[in-house]
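**Student:** Knowing the structure of chain L, use the given hints to seat chain W on it.
Number of protein chains: 2
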Amino acid sequence: MKKLDYEKLLMIPGPTMVPNNVLTSMANPIIGHRTKEYSELLEDTIEKMKKVFMTKNDVYLITGSGTSAMDMAISNTVDKGDKVLTITNGNFGERFCKIAEVYKADVIRLENEWGDDAKPEEVREILEKNPDIKVVTVVHNETSTGVRNPIKEIGDIVKEYNALYVVDTVSSLGGDYVNVDKFNIDICVTGSQKCIAAPPGMAAISVSEKAWDVISKTETKSFYLDINAYKKRYESKKETPYTPSVSLTYAMNEALEMVLDEGLENRFKRHEKLAKATRAGLEAMGIELFAKEGARSVTVTSAKYPKGIVDSEFRELLANKYGILVAGGQAQVSGKIFRIGHMGKAREYHILGTLGAVEMAFRELGYDVNSGIDAAKEILRI
Amino acid sequence: MKKLDYEKLLMIPGPTMVPNNVLTSMANPIIGHRTKEYSELLEDTIEKMKKVFMTKNDVYLITGSGTSAMDMAISNTVDKGDKVLTITNGNFGERFCKIAEVYKADVIRLENEWGDDAKPEEVREILEKNPDIKVVTVVHNETSTGVRNPIKEIGDIVKEYNALYVVDTVSSLGGDYVNVDKFNIDICVTGSQKCIAAPPGMAAISVSEKAWDVISKTETKSFYLDINAYKKRYESKKETPYTPSVSLTYAMNEALEMVLDEGLENRFKRHEKLAKATRAGLEAMGIELFAKEGARSVTVTSAKYPKGIVDSEFRELLANKYGILVAGGQAQVSGKIFRIGHMGKAREYHILGTLGAVEMAFRELGYDVNSGIDAAKEILRI
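Just so you know, the sequences run in chain order L and W.
Every position in the first sequence, counted from 1, becomes a number in the working numbering once 101 is added.
Every position in the second sequence, counted from 1, becomes a number in the working numbering once 101 is added.
Because the hints were derived from the structure by calculation, they are not lab data.
Heads up, some of the hints might be wrong.
Take a look, some chain W residues computed to stay more than 10 Å from chain L by CB distance [to be verified]:
1. D217
2. K339
3. A352
4. G387
For the chain W half of the interface with chain L, some residues (derived, Cβ under 7 Å), not all of them [what the hints assert, rightly or not]:
5. Y107
6. I113
7. P120
8. L124
9. T125
10. S166
11. P300
12. S317
13. T319
14. S323
15. L349
16. G457
17. A458
Mimicking EDC-like on lysine to aspartate or glutamate, the simulated pairs with C-alpha atoms at most 20 Å apart in a straight line are [what the hints assert, rightly or not]:
18. K137(L) <-> D469(W)
19. K318(L) <-> D207(L)
20. K199(W) <-> E320(L)
21. K437(W) <-> D475(W)
Cβ atoms here follow ideal geometry from the backbone N, Cα and C, with glycine treated the same way.
Excised from the complex, chain L in its bound form (with noise of 0.2 Å):
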């Protein structure tokens, strides 16, 4: 591989950029998993993930994408026929409904148009209609669409029902406020590599006292994935039930350190105003906005491409010549619109950089477009 293409900016939603601190943590050398020092690593990991999560609840890590923590969320308390809510507006949402699907549940989809997001009144008129609803999935940040969902009013209404709460925070947690036990989250899951700014390769998920009471009668349906395992062991033994990735405890317990050492409130409030900065860039520059206004993400900005503009040609000239990716729609918004991430360790200097590259890829491809640069100012300066 060129050595070149390592030093590529990271400008997708996810993974992220990941402090050199934290990388370095991984030339650690192994420890025994077994171990007395394993233990109290993964415990203090643990620990530190609770209080980024805001939650007193069980938490556990696993070693997985954060794929592998909505399976364990949705195998472990669904079973055939028990019916299930989805709320959708983009791919995420849709994952929660295949996996269901998987486990063979009756599936609600609550759609709502990409690019929109969730209404926590629709969410209740389902609810009512289905009080038998077993399970309810909402993705609060949707990082297909740059759409951020109103996971705090869903849970007041949730709380009002039997069904369990199952929020996927994977491109948010670490960077938009989530407080798992106020907002009334049972199952809270989420990934190593978005605000958090670990390498990919870990998940969490956080299990509430509702949610072990469902789950302990709820049939075993993976063997990786039975979340009874991992609690049995972390509860006799403060550790993992199989061989946990140790190189990414290592990375977690350390970018989980810088998160809580710059402080939530201060993390949600520069994920914001990166989030303001480029969106007022972008505006400026005359390009439109994807996600609706009041229904915009703070961690990852989508907006639709001008007329004539070629997405792969667009993000290739953006990595190759300017040294910066960025991401192009998925499903059903492929080619149409293109995505900044803008989390985890992002900073001014990464919006303005991005924003004048992304300015002179338009001005290169034959799209005229103003300057956004001095907007972001306005915005980062404050």
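**Tutor:** Showing chain W alone in chain L's frame:
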């Protein structure tokens, strides 16, 4: 954590010590997992993995522990009521039974005494009586007992029947001779953290044409471990279906390069020599080996505790006074045996250092042993 703890010698049967160049490869910046650069890295790693598996079959990498690959092997081939023959003589053979039971297989156990190896002719007998057996599982190197099972001979028998041959080579591949194609292995699973000497957290699986045929007729029972998703994404884009551990891919690539640089034949010889030296050293000390002669692993040596030696006292002394980790027994042999791993990057001085420390520890605990060093040297110097 005390930094000194990081420097213990890992003479456990995994995770094993990881060479510094492999560890530091993980300090490389994260790259996007949907880029040409990652696809090239993944493909190169998979091609190296195929050479180590000695196969032309399809190979995939999974972000997860070795158990995730065992689960993938079973959940994608076994439906409710299907007959699975599990050849067991230790804890990991038992794990295949448990996995098959989660998927409601009709499990036929061929159990051998722990410490003894599987008998191919007994496999034939069962296959003769049960021509409808769909899958046969065996663990090549039973880490829990230090036993090597005759996977070539069993493979010669299984190929005469319809059953798929599923082999766990987690603690042997890259250290002991495994030839997926010549041994007729339909699905071979392994982990990163044993003889390959990469950090834990990544698993690999090989899949034969015959296995694909069965998989195509098997119900999807897992989302994260649905192998069809891995196949589809790899064939179309040389990518993984979900965000992989980029850092562990770097590490696997580097570790596999070292395996191939040393040469598989040389590596097998080194492991065999270290095993012989370890056994000779322990026997010269007057310690009885646990695995029967002819059934002994070349990557991990198991030995019985002399009367009066308490497992925890012995291993703590070895760890705290001499900085060496060895493993105890699991399940039915817990407290009765200890296990020395000599795999991955282990070499002569590790064996001599460990044998000397074992000797000192036994003496300190009141059990008078001879020195095993000379006997080990007799083998190591050849």
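**Student:** Now look at each hint and say whether the structure bears it out.
**Tutor:** Each hint, compared with the structure:
no. : hint                : verdict
1   : D217                : holds (25 Å)
2   : K339                : holds (14 Å)
3   : A352                : violated (8 Å)
4   : G387                : holds (27 Å)
5   : Y107                : holds (5 Å)
6   : I113                : holds (5 Å)
7   : P120                : violated (10 Å)
8   : L124                : holds (5 Å)
9   : T125                : holds (5 Å)
10  : S166                : holds (4 Å)
11  : P300                : holds (4 Å)
12  : S317                : violated (16 Å)
13  : T319                : violated (13 Å)
14  : S323                : holds (6 Å)
15  : L349                : holds (6 Å)
16  : G457                : violated (20 Å)
17  : A458                : violated (16 Å)
18  : K137(L) <-> D469(W) : violated (29 Å)
19  : K318(L) <-> D207(L) : holds (18 Å)
20  : K199(W) <-> E320(L) : holds (14 Å)
21  : K437(W) <-> D475(W) : violated (26 Å)
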